[in-house]
Structures are given as structure tokens and as C-alpha cells.
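Participant: Mind docking chain B on chain A? Use the hints.
Read top to bottom, the protein sequences are chains A and B. Here my numbering is used: the first residue of the first sequence is 1, the next is one more, and so on. Here my numbering is used: the first residue of the second sequence is 1, the next is one more, and so on.
Careful, some of the hints might be misleading.
What the hints assert, rightly or not - Subject to a maximum C-alpha distance of 16 Å in a straight line, what follows is the list of computed EDC-like cross-link-like pairs (lysine to aspartate or glutamate):
| hint | chain 1 | residue 1 | chain 2 | residue 2 |
| --- | --- | --- | --- | --- |
| 1 | A | K342 | B | E354 |
| 2 | A | K75 | A | D107 |
| 3 | A | K342 | B | D150 |
| 4 | A | K342 | B | E361 |
| 5 | B | K72 | A | E242 |
As the list claims (entries may be wrong) - Pulled from the structure, derived: some chain B residues nowhere near chain A, Cβ distances all over 12 Å:
| hint | residue |
| --- | --- |
| 6 | K72 |
| 7 | G92 |
| 8 | S141 |
| 9 | L153 |
| 10 | E161 |
| 11 | P176 |
| 12 | S183 |
| 13 | P217 |
| 14 | N226 |
| 15 | N237 |
| 16 | N244 |
| 17 | G258 |
| 18 | L309 |
Claimed, not checked - Quick partial rundown of chain A residues pointing at chain B, CB under 10 Å, derived from the structure:
| hint | residue |
| --- | --- |
| 19 | Y95 |
| 20 | I99 |
| 21 | P119 |
| 22 | V120 |
| 23 | W159 |
| 24 | N224 |
No lab work stands behind these hints, which were simulated from the structure alone. Beta carbons: idealized from backbone N, C-alpha and C, even for Gly.
Number of protein chains: 2
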Amino acid sequence: MLVKHSVISGLGRLTSHSPSSSSSVLRRQQFLVRTLCGSQIHRPKLIRAMSSTSEADAESVLRTVTPSLDPKRHKGQAGKIAVIGGCREYTGAPYFAAISALKIGADLSHVFCTKDAAPVIKSYSPELIVHPVLEESYSISEEDQRKVQDKVLGEVDKWMERFDCLVIGPGLGRDPFLLECVSKIMLLAKKFNVPFVVDGDGLFLVTNSIDLVHRYPLAVLTPNVNEYKRLVQKVLNCEVDEQNAEDQLRTLAKQIGGVTILRKGKSDLISNGETVKSVSIYGSPRRCGGQGDILSGGVAVFWSWARQLKSDPESPAENPAILGCIAASGLLRKAASLAFTKHKRSTLTSDIIECLGESLEDICPAS
Amino acid sequence: MLVKHSVISGLGRLTSHSPSSSSSVLRRQQFLVRTLCGSQIHRPKLIRAMSSTSEADAESVLRTVTPSLDPKRHKGQAGKIAVIGGCREYTGAPYFAAISALKIGADLSHVFCTKDAAPVIKSYSPELIVHPVLEESYSISEEDQRKVQDKVLGEVDKWMERFDCLVIGPGLGRDPFLLECVSKIMLLAKKFNVPFVVDGDGLFLVTNSIDLVHRYPLAVLTPNVNEYKRLVQKVLNCEVDEQNAEDQLRTLAKQIGGVTILRKGKSDLISNGETVKSVSIYGSPRRCGGQGDILSGGVAVFWSWARQLKSDPESPAENPAILGCIAASGLLRKAASLAFTKHKRSTLTSDIIECLGESLEDICPAS
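Only chain A is shown next, with the shape it has when bound in the complex (with noise of 0.2 Å):
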């Protein structure tokens, strides 16, 4: 992965660096001086964004995040981002996430999902480079699944270094084999630091196994009504509270070791155990399924982006999961916004996805 404008004074040379120098080593070093820097992305426009009240001023974040185009960049460095999911009953799911990841404006998106996804979700569009390699244990005996599952992760392994983050979970379903697959790929990822977005049956696996990522910092859940309820269930012992939505959502998690959650609703809620953001503007009233894939999706890409932001010493730090958040949520809401004043009440997801590069560009042009 690329930043944008070299980095930290003094740090060019390690974060300023051509794509063959992308090696798990030097990955490592990025996050480390993120990390250990607290710094990250730092604009005067993005501080009074993210300051006073709870509502993000998304739009200045989504101006804020998105890289400004350049003849001189090559392909990639806009962001290369895979979903991990698509299985024999679902292949709308990950295609919404993946085709979204591009129409935002990331170079290239993979899909990684079983061998009966596969020609479906080829067959959605040409764009997407998909990899038919997960295995469901219908298809494979017992004896073999040790076997299949080191042919899996292998096959895994061979890219995930080049991803700038995965979206593990759109139509993943829930076949235990393949969750634990999943798992192991969770697994993967960590090792190499590349970042995660959770989602749909990506999440019933989490909550189920929250050490998956527990004080993994580079892991984002975006949960659902449903799932937020299962998700405090599990690690609060309790249940919602709407009436201290916001305390609960930071308490929540702080406990899962300061992952960042995007909490899905009228208004979205972000936190990362510290602060919290929320997201009200735009939005449809239609409620059509799949749009949670869009975000997924756009979370990937956008703080993918954030992530690369220069640093500016004179500019507190804001996390850039919470970037990205606040952006593809904003964008999403924008999107279905639009689309709904086009289709009204026969709007579905496509046409929501087909607003996105109308919807960014009103925000953010290109040139």
C-alpha cells in the first residue's frame, strides 16, 4: 500500500515507498509508526469536522479522505480491496461490497468465495477478479477437510499481502467448515496487518469468537440492528439500551479491545472505545436488502484512503477507522438519498450503487 504524500517528517523514506517495496516487514513498520505516532490524518478542515457535538460533518470528512487524482499513480494505489464471502446461497451480498469498493474509486476488487459462487457473481460484472477457493463441507468428507483447509489458506496467503484491507463477510453463510476457514484467514490477515471490515455472517462468527478480534485495532464491525443486539448480548452480558446508545456503543468497544464499530440505524453510530460519531445526514427511507453490503464496501476503500492521509504535526490525530466510517456512511446516505428521488419506493440496492459516483463527485469533485 502507497501514502499519499510521503508521511511523518523524518519517516519518508520508510512510508514513502514503490509498490515492490510491500513487504509484510515494512507493513509492519507502517503500523507501527502509525501506531506508536498517534498520528495519522490531520487537516484544520478535518478538526472542526470532528469536533463539538457527536454529529461527524461527513461530507468535510469524505472531502477530507479522498485522494486527489494524479496521471502519475498507477494502478493499485487507489486501493485494492477483497471480500471475503459468496457461498452456494448467497452471491448477491458480496458482489454489492466488492462492485461498491470500485464505483467509490478503488483500483482493483477481489472476491474470494466458494466454487458454486464463483461463475454467479463472475457473471455480475466483468470487473471483479474472483477466486473461487473457499470450500462448504457438503462438498468435502470429513477425513479431508484438514487437507482442503491448508489448500485454502494457501491459496489465501498468496495475496493478502497486497490487499489495503478485506471486507470478510457479505453472503458468507454459515457452514461451520467455512467459518472456520474464515477464521483462519481472520488469522492470516492479523499477521500481515492488513486492516478488516466485518460484516453480515462475518459478524455471527465474531461474536461467537470475539478473540478473533479482540484488541486487533485494525478490525471494524458494522453490525446491524440484529446484530448489535447479538453482539452486546454476547460481550455485555446485557441488552441494548437505546437510551444510552452512545455510552453503551463506547463501552462495547472498549471491551472488544478498542475495535471500531459502525452501528447501522436511522443514525449511524461509530465508536472506537473513545469517541463517538454519528451520521444522520441524507439517508431513504427504503430498506431494501444489500445495503449494508454497499457500506462494507465503501468502509474498505475509504479507510484504506484515510490510512494513507500525510500527517500534520499541528493537527491532533483522528483515527482513521472512524474516517473511514463517518465517509462511507455518509456517502451511503447520500447515495440512497439520491436513488430514492429517482425510484421511489422500487429503488434496490443496484440503483443505490449506481449513485455512488454521482453522489461523490456532487460532494467531492474530481477535478
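Facilitator: Just chain B, lined up with the frame of chain A:
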């Protein structure tokens, strides 16, 4: 195409004709009349239909039944529909029914089909959740049938309670083993009091096993000309009587224990064995295959919405199944009419589906 409020006195004999009388001479006469009068076609039969009490005010019903959109609602609350259909031979019909449900405003639309049909139906649209769970005789040995049937029912059982309405039959085919499984799915739906619309090959099944729907008030049958004829022959043991169409339909619905029947035709006739309503507005002369699938998906959505309506003690509630049928019929006829003005002879079912949103918005604006 029928015109809503059209009258030209004194032209009855010229313009009132049976379908078989549409000779070229008559067609030219009609054209002359339309041109000279600046109007369209007016059939005394229609005038009677429009003036009699049985003609429903479909637009008013659409406005009553369609829920207002509320940002506080979450995914699923505007309807979760499942289509049971789609086999090796037929894939278009279940897609049309399922996508129409979404385009009208349902939040989630599932399809339960055979393994062969699933990848194809999935490829039509990432918006649908397609379950490859049904099996046909050719793919299983006789001794495995019981085991396979249990598995199929297990897969459907997991989901059944979540659905607001099923559509049983589009593209189901007539494989005996498959139909046997579907009859068990009907029993399962009845056990959970899940409403279902029966169309296409589902009507073939029901006509031969009328007990499957007898006395189940949450069943709507939507026969076309031939399906209605077979139903009348089987249940009433006589031929269709066009002179007493309304009475015969009422008798048929009563005989099947109060199910609701939507008899598709030039005018759609609807009865639950007590009241009879007709819908004659709009419509299109194009008879491309697939329009019945739009209707069945539409009935499922509008019926689900009508069931959610609070009863008003001052105005006794109309049967929700009848309201759902009236609304779906009215909307399909308007969308078909609109699509025909755009595409004329080349109007296809997909074109009509694309007009569902605009048509509903025209009658019942979302905001």
C-alpha cells in the same frame, strides 16, 4: 387496451364486439371512430363493468394498502416474500415474480428452486436470495426420495416463519416428486399460518389436490383462462359460464372453502366466496408470457401490506386478500399500459416490471 372513463353514446353496436369479431373490417371501423371522435374504444360490456358496483376502485385501494415510508423502520418490515418455483426447464417465471415483489417495495425477496435453476436465476439479479434446495425425479433414485424430501423440507422449514407471504408455482414444472415436495411445503406454510399465492404449475398441483387449499383462508389462487377452466371442471364439475361469470366465481371460491380467487382476464375478477370485485382499468393488448408472474409477486406484497393495516372500527375492514388482489391487478394493468405506450408490440415482461415503480408513484406518491 381498455380506457378508464370512456363513453361515446350511439357507437355501441360498432364498437362492442367479441374478441373473435376483430376482423380487419371492424378494426378499420374502430380506427375511424377513434380518429373521428378523438377518443378510443368503448364497449358496452365495459361500461356496465365500470358502472356496476363490482368494479373496484383499484387506485384508491392501492393508496389505502401501500404503507407510508418511515425512516424508523428497518429491513424486512416492508415485506419478506419467497417464491417457490424454478426448475431445470423454467427460470424466468420465478425471477419475474420475485423481482416484481422488490420493485413494488418489498424489502427482501427469496426464491426456492432446483439446483439447476439456481445459478441462472441468481445471474438475472444480485438482488434476489436464491436457495438451490428443490430436487426433481431425474436427479435422485427412488429409494432416496424420502430422505431427499425430508432434507428439502428441512431447508424450507428453517426460513418459513420469517416470510410474510409465499408465491407457489411460477416455473415449478410438473415433475411428480417436485410437486410432492411442494405439497408438503404448502402444509408447512399452513402449519405456520403463512399466506400463499398459488399460480402456474402450483395451480396444476392444487387443482388435482384441492384439499391442499380447501378451507385455508390464507390462500389466493390466480388462474388464467385455461387454469380457471380446469379448476371449474374439477371443482364444480361443469364448464365455464361467461354469462354468469361473477356468480360462478363466487360459487367456486365458496366451494373451495373460502379461498380467494383472482381470475385473470380482460377484466380481472376477484372473489372469496362472498363478495366479487372486478378490475378493468388500464391494461395492454400485449400478451407476452410472464405477466402473470408479476401479478402473483404483486399480490404477495400488497396482501402482506393489507394484512398490516389497522382495522378501522368505523369502516369494517375489507378482506386483505381481496384488497391485495385488487391492488396488484390495478398496478400491473397500469404498468402494462405504460410499458405499451413506450414499447408497443415489442413490449416484454421486463419492460412492464421496469414500469412498476413509475406506475405506483403516479398513483401513490412515496412522499
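Participant: A separate judgement is required for each hint: does it hold in the structure or not?
Facilitator: Hints, one by one, checked against the model:
1. Between A/K342 and B/E354 the CA atoms are separated by roughly 13 Å; this keeps the pair inside 16 Å, and the hint holds.
2. The hinted pair formed by A/K75 and A/D107 meets the criterion: a straight-line CA distance of about 6 Å does not exceed 16 Å.
3. At most 16 Å may separate the alpha-carbon atoms for a hinted pair to count; A/K342 and B/D150 exceed this at roughly 45 Å.
4. With a C-alpha separation of about 11 Å, the suggested pairing of A/K342 with B/E361 holds against the 16 Å cut-off.
5. Of the pairs offered as hints, the one joining B/K72 and A/E242 holds, with about 14 Å between alpha carbons and a cut-off of 16 Å not exceeded.
6. With a least CB separation of 6 Å from chain A, B/K72 falls inside the 12 Å interface cut-off, contrary to its annotation.
7. Distance check for B/G92 against chain A: the nearest CB is about 16 Å away, which clears 12 Å, and the non-interface claim stands.
8. Residue placement check: B/S141 keeps its beta carbon more than 12 Å from all beta carbons of chain A (closest about 18 Å).
9. The non-interface label for B/L153 is consistent with chain A: the shortest C-beta to C-beta separation is roughly 17 Å, beyond 12 Å.
10. Non-interface status of B/E161 relative to chain A is upheld: no Cβ of that chain comes within 12 Å, the nearest being about 15 Å off.
11. Consistency note on B/P176: stated as away from chain A, and its beta-carbon is indeed over 12 Å from all of that chain's, at 26 Å minimum.
12. The non-interface label for B/S183 is consistent with chain A: the shortest C-beta to C-beta separation is roughly 24 Å, beyond 12 Å.
13. Remark: the non-interface label on B/P217 is consistent with the geometry, its nearest Cβ contact in chain A lying 28 Å away (cut-off 12 Å).
14. At roughly 31 Å from the closest C-beta of chain A, the C-beta of B/N226 stays outside 12 Å, upholding its exclusion from the interface.
15. Annotated as non-interface, B/N237 keeps its C-beta farther than 12 Å from every C-beta of chain A; the closest such distance is 44 Å.
16. Distance check for B/N244 against chain A: the nearest CB is about 39 Å away, which clears 12 Å, and the non-interface claim stands.
17. With a least beta-carbon separation of about 31 Å from chain A, B/G258 lies farther than 12 Å from that chain, consistent with its non-interface assignment.
18. Against the 12 Å criterion, B/L309 stays outside the reach of chain A, whose nearest CB is about 17 Å from its own CB.
19. The beta carbon of A/Y95 is positioned within 10 Å of a beta carbon in chain B (closest approach about 5 Å), and the interface hint is therefore held.
20. Contact between A/I99 and chain B, as hinted, is supported at the beta carbon level, the nearest pair being about 9 Å apart and thus within 10 Å.
21. Contact between A/P119 and chain B, as hinted, is supported at the beta carbon level, the nearest pair being about 6 Å apart and thus within 10 Å.
22. A distance limit of 10 Å between C-beta atoms decides the matter here; for A/V120 the minimum to chain B is near 5 Å, and the interface restraint holds.
23. Given the 10 Å rule on beta carbons, the hint for A/W159 is violated: about 23 Å separates it from the nearest Cβ of chain B.
24. Nearest Cβ of chain B to the Cβ of A/N224: about 7 Å, under the 10 Å cut. The hint holds.
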